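Visitor: Residues per chain are reported as follows:
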Amino acid sequence: GQSLEQPSEVTAVEGAIVQINCTYQTSGFYGLSWYQQHDGGAPTFLSYNALDGLEETGRFSSFLSRSDSYGYLLLQELQMKDSASYFCAVRGRNQAGTALIFGKGTTLSVSS
Amino acid sequence: TAGITQAPTSQILAAGRSMTLRCTQDMRHNAMYWYRQDLGLGLRLIHYSNTAGTTGKGEVPDGYSVSRANTDDFPLTLASAVPSQTSVYFCASSSGTGGEKLFFGSGTQLSVL
Chain C
137 GQSLEQPSEV
147 TAVEGAIVQI
157 NCTYQTSGFY
167 GLSWYQQHDG
177 GAPTFLSYNA
187 LDGLEETGRF
197 SSFLSRSDSY
207 GYLLLQELQM
217 KDSASYFCAV
227 RGRNQAGTAL
237 IFGKGTTLSV
247 SS
Chain V
368 TAGITQAPTS
378 QILAAGRSMT
388 LRCTQDMRHN
398 AMYWYRQDLG
408 LGLRLIHYSN
418 TAGTTGKGEV
428 PDGYSVSRAN
438 TDDFPLTLAS
448 AVPSQTSVYF
458 CASSSGTGGE
468 KLFFGSGTQL
478 SVL
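Those sequence lines, one after another, are chains C and V.
Just so you know, we're using this note's numbering here: the first sequence kicks off at 137 and counts up by one.
Just so you know, we're using this note's numbering here: the second sequence kicks off at 368 and counts up by one.
Just chain C, with the same shape it has in the complex:
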């Protein structure tokens, strides 16, 4: 089967940097994705790592280490609008074929 672990909550202040970690277990690994979801909204895609290393997209970066089954999402220059839930997800081989399986999510609260 598959499992993903990420912290349930993270708090930070505006302008700070925060890192949300994700560890995963899966049989057959293809990549690690990150999604953002604001309260009452739908999840939206942030990033995807198929290979080891850092991917940067503006203030957000995502890192993957396949040997450690570990990745993280790095948010820099935090803004109030970054307050949301963040989900890591893996596409691995299981009874669901290769559909995305999500972690339980990390709630990020940014204060002024």
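Here are a few chain V residues that face chain C, going by a calculated C-beta distance under 7 Å:
| hint | residue |
| --- | --- |
| 1 | Gly409 |
| 2 | Leu410 |
| 3 | Leu412 |
| 4 | Lys468 |
| 5 | Ser473 |
| 6 | Gly474 |
Negatives, chain C to chain V, calculated, CB over 12 Å:
| hint | residue |
| --- | --- |
| 7 | Ala152 |
| 8 | Ile153 |
| 9 | Ser163 |
| 10 | Phe199 |
| 11 | Met216 |
If you are wondering where the hints come from, they were derived from the structure by calculation, not from laboratory data.
Only a predicted model underlies this, so the values are computations on that prediction, with no experimental measurement involved.
All C-beta atoms in this analysis are idealised placements derived from N, C-alpha and C, irrespective of residue type, glycine included.
Knowing the structure of chain C, use the given hints to seat chain V on it.
Guide: Frame of chain C; chain V shown alone:
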């Protein structure tokens, strides 16, 4: 472009009744998915379809059925609803069966009483 449209937005349903949640996409994506989201449990995959005419079971398929008669539509049916099916249901699609980048609908809030 509308993307993915889900209907209804919300629904209150008596236990034992049946209901179909509708999902339509206009992006011509091959793969479609149904997830349910419950507080503290994240998004859990119910059923998926890699292409029209095929479907598969996800993590929590019991009590739900799907069909994929064409590319655009992927309805989710609850044959006999139970209170534990109270949840927010999201339909999603992706251009490839790998599904790294999913596009989500706005969700259906379902309450089973």
